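A.B. asks: Read off the chains here:
There are 2 protein chains.
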Amino acid sequence: MEFDKGLLIVLSGPSGVGKGTVCAALRNFMPELVYSVSATTRNKREGEREGINYFFKTKDEFEQMIEQDQLLEWAEYVDNYYGTPRGFVEATIDQGKDIILEIEVQGALQVKQKFPHGIFIFLAPPDLEELRNRIVGRGTETEETINNRMDVAKEEIELMDNYNYVVVNDQVAHACESIRAIVTAEHLKKERQIAKYRKWLREV
Amino acid sequence: MEFDKGLLIVLSGPSGVGKGTVCAALRNFMPELVYSVSATTRNKREGEREGINYFFKTKDEFEQMIEQDQLLEWAEYVDNYYGTPRGFVEATIDQGKDIILEIEVQGALQVKQKFPHGIFIFLAPPDLEELRNRIVGRGTETEETINNRMDVAKEEIELMDNYNYVVVNDQVAHACESIRAIVTAEHLKKERQIAKYRKWLREV
Numbered sequence: 158m159e160f161d162k163g164l165l166i167v168l169s170g171p172s173g174v175g176k177g178t179v180c181a182a183l184r185n186f187m188p189e190l191v192y193s194v195s196a197t198t199r200n201k202r203e204g205e206r207e208g209i210n211y212f213f214k215t216k217d218e219f220e221q222m223i224e225q226d227q228l229l230e231w232a233e234y235v236d237n238y239y240g241t242p243r244g245f246v247e248a249t250i251d252q253g254k255d256i257i258l259e260i261e262v263q264g265a266l267q268v269k270q271k272f273p274h275g276i277f278i279f280l281a282p283p284d285l286e287e288l289r290n291r292i293v294g295r296g297t298e299t300e301e302t303i304n305n306r307m308d309v310a311k312e313e314i315e316l317m318d319n320y321n322y323v324v325v326n327d328q329v330a331h332a333c334e335s336i337r338a339i340v341t342a343e344h345l346k347k348e349r350q351i352a353k354y355r356k357w358l359r360e361v
Numbered sequence: 158m159e160f161d162k163g164l165l166i167v168l169s170g171p172s173g174v175g176k177g178t179v180c181a182a183l184r185n186f187m188p189e190l191v192y193s194v195s196a197t198t199r200n201k202r203e204g205e206r207e208g209i210n211y212f213f214k215t216k217d218e219f220e221q222m223i224e225q226d227q228l229l230e231w232a233e234y235v236d237n238y239y240g241t242p243r244g245f246v247e248a249t250i251d252q253g254k255d256i257i258l259e260i261e262v263q264g265a266l267q268v269k270q271k272f273p274h275g276i277f278i279f280l281a282p283p284d285l286e287e288l289r290n291r292i293v294g295r296g297t298e299t300e301e302t303i304n305n306r307m308d309v310a311k312e313e314i315e316l317m318d319n320y321n322y323v324v325v326n327d328q329v330a331h332a333c334e335s336i337r338a339i340v341t342a343e344h345l346k347k348e349r350q351i352a353k354y355r356k357w358l359r360e361v
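Heads up: the protein sequence lines correspond to chains A and B, in order. Position one of the first sequence corresponds to residue 158 (our numbering), numbered consecutively onward. Position one of the second sequence corresponds to residue 158 (our numbering), numbered consecutively onward.
Keep in mind that the hints were calculated from the coordinates and are not lab data. A few of these clues could be false.
Said to hold, decoys possible - Now the stretches of chain B that chain A is said to cover, found in silico as 3 or more residues with beta-carbon under 8 Å: (1) 307-318; (2) 322-328; (3) 337-343; (4) 347-359.
As the list claims (entries may be wrong) - FRET-style restraints, in silico, Cβ to Cβ: (5) B:Lys271 x A:Thr299: 30 to 40 Å; (6) A:Gln270 x B:Lys271: 52 to 62 Å; (7) B:Ile209 x A:Ala352: 32 to 42 Å; (8) B:Met187 x A:Pro283: 21 to 31 Å; (9) B:Phe160 x A:Thr299: 27 to 37 Å.
Keep in mind that this is a model prediction, so the values were computed, not measured. Even for Gly, the Cβ is constructed at its ideal location relative to N, Cα and C.
Use the sequences and the hints to build the structure in full.
C.D. replies: Right, dumping it as structure tokens:
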């Protein structure tokens, strides 16, 4: 781990939790972050731009990227490939800039194998707290509903164990503030600070 | 480490760095924190109140506290004892509230032996950056001045290694924001979050 590099930040969580909405809000809230651009084989939609929304690839090109280990993570959804090009991410952190990836849970696990020192943030639905309030506070749910929800909750909790931080997406603005605090704190960790000072002393 | 307890936060750093000023500003900036009150054998000054500014003790009382391991850290300055009573700190974190201790470097090392999982924040003087700017930017200092400052800088950097975070006290407001981000991020760590969720699931 080199401490003059930027941070690799992964924002992930169960599907439907609002990762995209939070990441879109972060672009205004944290313009100092670089936002990773995915590669995809799906067709370009009206208004989408190459290198801004996606890097648009043919199926052959994408499969070549997989073979040449040019993707930090990838998956196939509805007959199309989606993935995170490694080159852009590495170039960004090498320049000392922080980059954020908004990806699915399976992709986050892939990235973790390649960047174990990344900052992995699990975006959690506020359901768990709601669940508790409903059960503890009112007791109006059927036992089956409660059990189903409990099972989903338990699975989500097990997933969290792969991450460094858990941010509850109760309100988008609140989630953004939490993410900013995490990024700020990570930069203040003594390992990074000491490395920075030592580098200066060497330069003097 | 129990995750439903509050955080024990230690703010320390070299003498003269402005720990007291930052901690006074934090009282307004983070009123949700509990501020540890030190015990001392020095005389009460006009306007000081027992349990607010200090717990005022006789020398015999203080030495009894030392013998009975009732102090998390203590030291003698100018013929008076100063120390942090353990009971108040433990009662606060047992209630799930975060407490902050503003103490000298030697005291911080004592606390770390008793609370290795505390959050240790080193408040650093902005000198290191200034030093670099002076040397790199202008080269107007004498070699002796530079060497002296370099030696002090190196000692400070070695001290940092005992801490979790380094906050540069360039501006009091900026230091307060950094400390708030650290406390927020520490609460979002997955270990704490998972423990909280598991506790709820057990309670349901």
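A.B. asks: Now look at each hint and say whether the structure bears it out.
C.D. replies: Cross-check of the supplied hints:
1. Counting residues of the region 307-318 of chain B whose CB lies closer than 8 Å to any CB of chain A gives 6, which reaches the minimum of 3, so the coverage claim holds.
2. Check result for the region 322-328 of chain B against chain A: holds, 3 residues qualifying (beta carbon to beta carbon below 8 Å, three or more required).
3. Only when three residues or more bring their CB closer than 8 Å to a CB of chain A does the claim for the region 337-343 of chain B stand; here the count is 6, and the claim holds.
4. Coverage of a stretch by a chain is defined here by at least three residues with a beta carbon nearer than 8 Å to that chain's beta carbons; for the region 347-359 of chain B and chain A the count is 7, and the condition holds.
5. For the pair Lys271 of chain B and Thr299 of chain A, the supplied restraint of 30 to 40 Å is violated, since their beta-carbon distance comes to about 49 Å.
6. Remark: the range hint 52 to 62 Å for Gln270 of chain A to Lys271 of chain B is contradicted by a beta-carbon distance near 38 Å.
7. Taking the beta carbon of each, Ile209 of chain B and Ala352 of chain A are about 41 Å apart, inside 32 to 42 Å as hinted.
8. In this structure the supplied range 21 to 31 Å holds for Met187 of chain B paired with Pro283 of chain A, their Cβ-Cβ distance being about 25 Å.
9. At roughly 32 Å, the beta-carbon separation of Phe160 of chain B and Thr299 of chain A lies within the given 27 to 37 Å, and the hint holds.
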